[in-house]
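K.L.:
Since the structure of chain A is already known, use the hints to place chain B on it.
Chains as they are written, first to last, in the working numbering: chain A, 306 to 605; chain B, 93 to 739.
It is worth saying that the hints were derived from the structure and are not from the lab.
Do not rely on the hints blindly, as some may be mistaken.
To be verified - Below 25 Å or equal to it, Euclidean Cα-Cα: the simulated DSS-like pairs (lysine-lysine) are:
(1) K102(B) x K450(A)
(2) K508(A) x K462(B)
(3) K107(B) x K396(A)
(4) K463(B) x K602(B)
(5) K198(B) x K369(A)
(6) K198(B) x K400(A)
(7) K198(B) x K450(A)
(8) K508(A) x K107(B)
(9) K450(A) x K107(B)
(10) K107(B) x K427(A)
(11) K427(A) x K369(A)
(12) K400(A) x K107(B)
Chain residues, written in single-letter form:
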Amino acid sequence: MIQGKDICKRFGDFQALDHANFHVPKGAVYGLVGPNGAGKSTLLRHVAGIFRQDRGELLVDGEKVFENPAAKAKLTFIPDDIFYFRQANLKEMKKYYEGIYPTFDTELFDKLLECFPAVDRKKNIRRMSKGMQKQAAFLLAISCKPQLLILDEPVDGLDPVMRRQIWNILLNAVSEEQMTVLVSSHNLRELEDVCDHVGIMHKGQVILERSLSELQGSVTKLQMAFEGDEMPDITGRFEVMNHTQLGRVHTLIVKGDQRELGDYLATFHPLVMDMLPLTLEEIFIYELGGENYEVKDIIL
Amino acid sequence: MKSKTSFFNKMIFRKDITRFWPLWTLQLVIGLLGVIIPALSQMSYINNLQTHSAKTEYKIDYLTGYIQNSCLSPYIMVLCIVVAASVFLYLTRERETYTIHSFPMKRVHIFTSHYLAGMVMLIVPALIIQVCLMLLIVTNGVGVILPYAGIYLLEWILQVFFYYNLACAVVMVTGNAFMNFVIYGVLNCLVAGVAMLYSMLAEIFVYGNQGFALYDIVENPVIRGLTPMAFFMTHTLRGDARGIYTMVDGNHAIFHYDQLLQEMGKTAFYLIPAVLMLAIAIGLYRIRQLESAGDTIAFSWGRPVFRIVFVFCSSLLFAAGVYAIGFGNIINDNAYGRKFNIVLGLVIVGTILFYFIANMILDKSFFIWKKTSYWRMGLFVVLMIFGMIGVRNGQFGSGLPAFDKVQKVGVSLEYNGENSYETPTFYLTGSQAIRQAYELNQDILKYGRNIKESSNGNQNAIRIKYTLTGGKERTLYYQVEASSEGKKIMNQMKQFIRKQPDMCELLYGKGYATKLQKAMYVSGMSVDWVKDGDETVSKWLSEEEGYPLVEDNTDDQELRNELYRAVIRDIQDGNCDLFYQEQANSFIVSLTDDGGETRYQEVQITAKCTNTLKVIEKLGLAKQSGRKWETPHGTLGETSSSVPSGN
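Bound-form chain A, shown alone (with noise of 0.2 Å):
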C-alpha cells in the first residue's frame, strides 16, 4: 500500500528524514516505534501528502502522493494535535468532510456515532474534552471510508475502554474493508496487541522494519545457568545484543533463528535454559541501545 524510498527530508540545519525506506503492506497494521525526534510524525506527514520530501520516492497505492487529489482521498490522517473550526460543532464538521471526501458515508456516520455516545453533535468541539475530540476524529475519519488510516499518537488521552472501542473499529475495518492502518505511538505494549507490522525509526531512517512474529521471532531472550560462572562463547555464530550476570544465571538478548539458537546451546549441556518471548518494548530498548540510544536511564 505505501512504499518509501530514500526519503529524504531537511528543515533547516535539522536532518528530520535521511534515507528512509519502509513498506506497508496492503490491510496491515503497521508501527511505527522510535524515540522522540526519530522522524515519524514527520513520515507520516509525507505520506498524508501535507510534506514534499526533498530526495526519494514516495507511493501510496503505487500513486505519487503529493498534490495528487485521487490518491490523498483514499486516506485519512489523524494528527497528535487534531484541529477543528472555532465555532465548528460536529455536525458541522461532518458536513465539512462531506464536501471534502468523496467517499464520506453518512449510514456510517450515524452508525459509528452509536458507539461514541459521550460525543455531543451539536457540542463545540473545541469546547470538548481532548478525549472527546479524539473520538471526533476518528469518527469522522473512518466514516471516510479510507483506504489507508494514517494516526499519529492515536488514543493518547482516551480512556482504556474507549482505546479498546477504537482499536475493535479499526480492525474491524481492516479485516472487512482491507484498510490499511499506518500508526505511530509511543505505547508499545498497545501496538504489540494491534500491529502485525513494526518500522523502528532512529534518527531519520527506519533501522528496522518486519512482521511482528518475525521481528519476534528474531530476537530472542535466554536465561541458562551452567556448571561454572563461565558461559561458552557464542558471539562468533550469533548477534548477542545483551549479555547481564547475576551468580551463575546469564540473561542473555540473541539476535537469530529461535531454534537454531537452542540446539546449539543445548550442545553445551546448560543446568537451566529458558527462551523467553521478548516484547516490543524490549526489542525496541534493545534495538536502539545497539544505535547508541541513551537507554540505560530509562532502564535504570
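P.N.:
Frame of chain A; chain B shown alone:
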C-alpha cells in the same frame, strides 16, 4: 476514483464566508454608519428646507462627497490585508495547515477557494452599500450622478483587486500572522520610504544636498508609481467633485466624466501588477513548504532578502534618528566631514545591531550568536560603508550631475543676515555659460570639502538648479560660510552672472521681449524694516493701499505691457539691482508669462529705474518729488532702519 474537487471547493468557500462573518459584517456596519445613514439624514434635511433655490446642487454636492467617502484608499488597503490574512490564517498555524493540506485537494484549488471567499467578502458589502447609495440617489431625483457612483464602485473593485492580490502574495511569503501586516505595510511604502531615508541622510552630510520634502519625493512619478499607497492616496479622484460637474441651473448638472475616466485609467494600470501579484501568490503557494507555518519568512531564499531589506532600512533609519536626537543640535554647521564620520559610525552600529535583530526575528530566538554568519555580517557592513562613501562622493544622485546631460542651469544666491533675501533665479542656457557654471559648481564643492568647522557668522547660500535631458531636475543647495573664503565664492558666482550679456534672457528666457504678460503684477512691498510707532515692521502693498493690478484682469493688459517694457528697459540699462543689494523702500515687480518657460521672477526697482517708476507712478503707487520717489512707505532708496550690508 473521481474527486469531488474542481477548480475550487465550495465547502472551503462557504466555511470561510461563515467563519469570517465579522469581516463582512463590519464592512457593512461601517458603510451604513459612515455613508448611508449620514447621507439619508442629509437628504432628509435638504428636502425639508423650506426655501433653497438650488436643492439639487446641494444634494449633488453632498452625495458626491459620500460616494468618495465610500471609496477611501487607506481603508481598502487595511481591509484587504485583514481579509487576506484571515482567509489564509491557517498557513500560520501548524495544526490547521497540516489538517487542511491532508485533504484531497490540490493546493491551487485550496488557494482559489480561500481567495474567492476573501474577494467576495470585500466586494459584496461594498456592492450593497453602493446599491443603497444609488437608491438614495434615484429617490432624491439626482440620477445624473449615478455614473459617478458607478465609477467609484469600479474604482473600489480595481483597488481591491490590486491591494488584495498584493496582500495574498505577502501572506504567501510569510508564515507569521503579525509579519503579514508588517511586510504588507512596508511593501506599500518601501520605495518612497527608502528615498526619504536616503534624502534624510544625504541632507546631513552631502554638501549641496537640498533638504528633503516628502511631498517632493512622492511627486516623483516613478517613486509614486512604486508606492501604491501614495499613488492611490494622492489620486485626483480624491479631489473636490465640484471640479468635474457644472450646474446648468439650480436643478440641472452636467458631469465631465472624461476626467474621471482618465483617472480611472491610471488605476487600471495597476491591473498589470495586480495580475502579476496573483500569479506570484499562486506560484508561491504551490511551492510553499508547510513546515514554515509560524516562520517569519516561509521560503529559505526569502530569508536573505528579508535580512537585507530589514538591515538596510533599519540601519539608515537608526542613523538618521540617532543623529537627529543626539547630534542634530550639537553639530549645526557645515563640518560635513565630521557629520559624515558620525553618520557613518551610526550606520555601522545600526547595521551590526539590526543584523542580529534580523536573525533573531528569522530564528525566533534571542540566542543567535553562534548561528550568525559573521563574515556575511562583515560583508554587509563593508557594503554599507562603501554605499555611504558613494553617497558622500556624489554617486547615487546626490552630487553633480554628468555634464553632458545638463541642458540648463539656474542659479540664485541667498544672503542671510539681519534681513534675509534671495536673488532671482538666473537661467543659463548657452553651452559656454553652462560649462562655466558647472566649473564654478566644482569649485564650490572643493570649498565645501575643506570646511572643518563652522564659523559663527551667518551663512549665505548658493542654489544651483540643473535641468537635465529628459526634463529631470536636480537642485543643489550650498551653504556658504560668512568667512572670507565663503564671501569669495559668493562673489565669484555673482560676478559670473553679471558678466552674462543679456540679463533679461537669464531672467525671462529667450524671446522675452515678445512674451505676453498675462499675470504681471506689482507685489509692491518693502523688504526693509519700516518704523511703525515703536515697532519696526515689514510692509507690503495691498489692494486697500491702492494696488491696481489684479492678477488675470484682462482690462489691465495694456498697463501690464507698458510696465513690462519699462522693466526690461531698466534691466538692460543696468538700473535694476538684480542682486538685491539696496533694500530701502523698494518695489518689486514680478513678471509672469504664460509660456511655461518663465516663471515668477522678482527684480528690485531702485531709484535709478526711472522707466519703471514712471509707469508705477501711473498706478498711483509712487510719486516723483524732485530726484526722489515717494512710496506709500517712505522715500525710495532711503533706509528707515538698518540696511543689510549686502555681504
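K.L.:
Does each hint fit the structure? Answer for all of them.
P.N.:
Here is how each hint holds up against the structure:
no.: 1; hint: K102(B) x K450(A); in the structure: holds (21 Å)
no.: 2; hint: K508(A) x K462(B); in the structure: holds (24 Å)
no.: 3; hint: K107(B) x K396(A); in the structure: holds (13 Å)
no.: 4; hint: K463(B) x K602(B); in the structure: violated (66 Å)
no.: 5; hint: K198(B) x K369(A); in the structure: holds (13 Å)
no.: 6; hint: K198(B) x K400(A); in the structure: holds (20 Å)
no.: 7; hint: K198(B) x K450(A); in the structure: holds (20 Å)
no.: 8; hint: K508(A) x K107(B); in the structure: violated (40 Å)
no.: 9; hint: K450(A) x K107(B); in the structure: holds (23 Å)
no.: 10; hint: K107(B) x K427(A); in the structure: holds (17 Å)
no.: 11; hint: K427(A) x K369(A); in the structure: violated (38 Å)
no.: 12; hint: K400(A) x K107(B); in the structure: holds (10 Å)
Of the numbered hints listed earlier, those contradicted by the structure are 4, 8, 11.
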